[in-house]
Structure formats: structure tokens, C-alpha cells
Amino acid sequence: MMDTAVAPATTKDAILVASGLTKHFPIGRAGFRGPMRVVRAVDDVSFSVWRGSTLGLVGESGCGKSTLARVLLRLTEATAGSVIFNGENLFDLSRDEMRQRRRDMQMIFQDPLSSLNPRMTVGEILKEPLLIHGVARGEEKQRVADLLEEVGLGPHHSNRLPHEFSGGQRQRIGIARALALRPSLVVCDEAVSALDVSIQSQILNLLRDVQREYGLTYLFISHNLSVVKAVCDTVGVMYLGRMVEFADKRSLFSTPNHPYTQALLSAVPKSHPRATGARIALHGDVPNPINPPTGCRFHTRCPAAMPICQKMDPVLKDIGAGHLSACHLND
Amino acid sequence: MVEAADTAGSVAEVRTVRPAWWRFARHRLSVVAAILILAVFGLALLAPVLPIPDPDAITSVDRLLPPGSSGYLLGTDELGRDVLSRLIWGARISLLAGFGAAFLSLLLGCAMGLLAGFMGRWIDNVLMRVTDVVLAFPTILLAIGVLAAVGPGLTNAMLAVAISGLPLYARVARGSVLSVRELDYVEAARSIGASTQRIMVRHVLPNILAPLIVAFTLDVGMKIVVTSSLSFLGLGAQPPTADWGSMIASGRNYIRNAPHLIMIPGAAIFFVVLCLNIIGDRLRDILDPRLKDL
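Chains V and C are the protein sequences, given in the same order. Per the numbering used here: the first sequence = residues 1 to 331. Per the numbering used here: the second sequence = residues 1001 to 1294.
Please note that a few of the clues may not be correct.
Claimed, not checked - Using C-beta positions, here's what the derived DEER-type ranges look like:
{"hint": "1", "chain 1": "C", "residue 1": "I1123", "chain 2": "V", "residue 2": "N205", "range": "43 to 51 Å"}
{"hint": "2", "chain 1": "V", "residue 1": "H163", "chain 2": "C", "residue 2": "I1123", "range": "27 to 35 Å"}
{"hint": "3", "chain 1": "V", "residue 1": "V38", "chain 2": "C", "residue 2": "E1182", "range": "18 to 26 Å"}
{"hint": "4", "chain 1": "V", "residue 1": "T294", "chain 2": "C", "residue 2": "F1137", "range": "54 to 62 Å"}
{"hint": "5", "chain 1": "C", "residue 1": "E1182", "chain 2": "V", "residue 2": "S19", "range": "28 to 36 Å"}
{"hint": "6", "chain 1": "C", "residue 1": "E1182", "chain 2": "V", "residue 2": "S226", "range": "24 to 32 Å"}
{"hint": "7", "chain 1": "C", "residue 1": "F1137", "chain 2": "V", "residue 2": "L93", "range": "43 to 51 Å"}
Derived by calculation from the structure, the hints in this document are not laboratory data. Glycine included, each C-beta is placed from N, C-alpha and C at the ideal position.
Turn these sequences into a full structure, and let the hints steer you where they fit.
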């Protein structure tokens, strides 16, 4: 099912187009009257998400994946750029208009416990989106029961509080909440990272089932490449606030182009004990996003760095069949 | 009626969470404290119908009688008024002043803290600087200042004490808001399209209440002491109205030959404040939903 989602470019329908997205967090001045310093959490990122597909965003901790997701849903205001969602620029909407649009875009969080209000019962949690948007008026209770059933829980769970559930069950509640308004886009921010491996696969299956049933589009953020490989159609690789490679999953996993992607993929545990394949070990730490390296941001750790990498910032460009990569090696 | 409710509850639904009163009742000391507080409340409320003499009735032949004298269980004061009667009538004033002032502080302070913590930016700055200014004055001094401006009296004293108590609640509330508003469920609420107002009332407020309620129960005791102090200074309840603070004030001249005049109202304040603190501690324990099984 996942494989067939890659249709010819002409019939692709972008549900979301992000262009030039930038988010800088000001962190105060350097010295008394020095320049304002900023953390460049997301820096000039552009991409599209195709309707009905799953886009994976991978990268190390702190590379700006979650910030990107929050900026896309306008949970934080972007510094620059635009997000066209269903043909409408979200950043042009007023606060009230934005609240209305949230019906169509939902989020599933990493920590299933902290994303559920500890003082609301599961029924109240699931009823809230319906009440806010006036959906299923008068039959909220039935709708809540349906939602619970859909995610593998029962109506009798609706009187319980979140802390009475296991991690996997809580995540199911989080998914039910995200589905309550029948959205078209769901952002899963590390949705399975906090769960046991066996529970992870259950939740991933659930996500796949509801995607099929509602024709959902997922933006799937994860640092776990195996998970991304299992669920995504398209994958974007981020490094230090930049998108360095963006390609169809098959293409990316079979012929990774960017040295950073190659290093990431070589670090994925192999399922076969004698599987070979040189491990590319990166040295040093991720540079400080307050003061990112000049030129290509990866040149300080890149095994293939050239003199030009220190001077010129490579642009993300098509290296064939829609496989985008930002590396000077391709020139 | 109690039995009916019990069986109905067990048949109709299987509760996994014990009701709050049940968890409260597991702790003996807090039950004793609660019963004592309720008893004091009951006595205060029933004062008009209790068979006790008029608290303001002066019997000049029976002045400064010690406790246990015939006809006067707790003795009489310097004007021959019945101390027991004044103690019970005084409880009305002291409890009203304590709870009233603390409640007013809670309401206003909580609103301030919620706004400051959730809105941030200049709202936070303005509100917190106001509380800093209030905090810079000692409680009694501030209350005296306010009363000097608006004139003495019980209502004014309550207002003055309530104002001086604002920073406590505003700061507790703001601190909790700052930690709660970063939690995922607040973000989740925003992402389902909840309005700021809804997020504050439905998601943030219920989750910051526990420390505020604890602060409140502890603060009621504090407020009883402060309003009593104001009455002691002659700025609160005006004579001849009985109030624990003013009873101590008028009794202090007779501390050598009639120590019961200050000991009895003093002990009343002590026990009420102690009981409130015990209840406050227990409430803190049971209001944390993660400690349901205590």
C-alpha cells in the first residue's frame, strides 16, 4: 500500500507546501549592546507533502524537526516563510480563522502521558475537540465510544483518567483525540519513540489502519530510521535546521546521496548478524545552532568535505527522479 | 440514605478511583482536625440559638472571674462579660474575617497569576511588579496603611489583609502556570483549536489548583492571626463586638491576675490554625491525582 502511493508527479496533489520556513529563537544580546543572538532552529526549509502519503522527517535530536512541525501547524509563529495548507497560506490567517482550520490538522505527541490532561477523563478529553468545533452535536457520547473502539479501546474506558492506562493505551487515546475531528493531516511528533518496541509496532499498525480508512496524510517525525523506513513514502533528512536530503523512501534508503544521510543510514542496526557495510562514524558534536558553520553546515563533520564546502552553502536540488540533495559533491 | 448511596454506587458503576472524602478519611489526624473545624463552625453559626448569655452583657459584680466559676464556664472579663459567650460569638467574626480575606486573596491572586503566567510579556511584567510592590510591605504595616486610608472596621480590615495576601497566590499560581503551560496537553489543546480562555480555564487552572488550595488552607490560619492582630490594634472589629484578637487586646492589661483572658482566645486561634494546617497538608496529598491510593 505504501509503495503504490508514489504516483507520477503530474497527478500529485500537495496538501501542504512549505517554502522558506525559518524559525529563529531570540536568546538575548551578546554583551550589553551587542547584536541580538538567535538560535536558528529551522532555517529556510521548503518541501511539499502529498495528499494521502506519509512524509518522514529524520535527523538527530536538536536538528529542528519538532520546531518545524510546530511551525507548520502554527503552534509557534514562524520567523519567515509560508505554509500553504489546502491552498491557503496559514500565516495569513487571523487567530480565529486559524483556530477554525485546526480541525483539519492534528497532532500526536511523543509523551502520551504528558499530552493528556491528568484531570480530565478520557471521555472529556475526546469530547473536547467535538465541543470546540461543534461537531456531532448531541451525539458526542456515541462519537467518543466509536473513537475509542476505533483505536482498540472500549466505551467503558471513557470514565477513567489518563494515569490509569499503560503507555500504549495512552498513545491510543492521543490518536483517538487526533482523529476526533476527522482531519486530513496528522503530524506525529515522535509518536512511538516513548513506547516499547512491541507496542511501537501495534501503534504503527493502528496508524496505518486509520490512514487507510480516512485517507490521512501523515507528517511523521522520528529519529528512528527503521520506523521511518517502515511507514513513510517520502523522507526528508534534516541537519542543524536545514533540509539536506529529500527523496522517495526507496531512493533514499537504497542510494543515499548526502554524506550525512549516508552516515545516518550506516548507523541503523542491521537485522542480519553478519551483514556487512562499513559504518561511517561521524566525529565531533553537532555545531552550535546559535553560530552555525559557514558554507555547508555539515562540513565540520563531513568525511568528504572540500574547500568549497566552507565557503558556499549548497542548495537543495534535484539530482534525478525527484531525489533532492544539498551537497557540493553533486556539482 | 448513606447506605442507599453506597449500594447504588457499587451496583451502577465500578469506580476505580476512590472518592476524595474516602482518601481524606484514611488519615485519622486530618479527620479529627476537620471535625474540630466543623465543630467550631457549627458553634459559630449556632451562636444566636445557643443557651449562652449575651456576649456584650456587662455584669459589674462578676468582673475577672476565673474559669470554672459558677455560672461562667470560662470565667468573665474585665467588664464581667461571659468569656465563653464572647469566644463563640468571636469565632463568627474571626472565621469570617480569616476565610473571607483568604478567599478574596485566592480569587484575585489566582486570576493575576494565571494571566501573568499564561500571557507573559508586558502583562506578566506589570502584574509581577505590582505584586513586588505589595510584597515589599510587611503584611501588618500594609494593612495598617490601607486602614489608615479607608478607616477602621472589619470589612475594611478584611480587604486590607486580602490585598497584602495577593502576592502569595499570584506567585504560586504564576509559577505553576509557567510549568503547566509548557506541557504537551496545553499544546494539544491549542492544536485542537481551543481558545486561550478555554485553555486557561479547562486545562491550566485545574492543574494549578492543588498548590493554591494548600496555600489557601495554610493562609486562612495566617489571615485569622493577622485580622486578629488588627483587631488587637483596634483597627479591625470595633468594640464591643467580640473577636478573638480584640479579646486578647483588652485582656492584656490583666495578664497577671486574669491570664485566662488572653490564654483562652489565644488557644482558640492556635487550635483553629493548627487544624487548618493539618487539613491543608492532607488536601495537598489527596489532590495530587498521581497519589490516588494514599
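Verification of the supplied hints:
no., hint, result
1, C:I1123 / V:N205: 43 to 51 Å, "holds (46 Å)"
2, V:H163 / C:I1123: 27 to 35 Å, "holds (33 Å)"
3, V:V38 / C:E1182: 18 to 26 Å, "holds (20 Å)"
4, V:T294 / C:F1137: 54 to 62 Å, "holds (55 Å)"
5, C:E1182 / V:S19: 28 to 36 Å, "holds (29 Å)"
6, C:E1182 / V:S226: 24 to 32 Å, "holds (30 Å)"
7, C:F1137 / V:L93: 43 to 51 Å, "holds (47 Å)"
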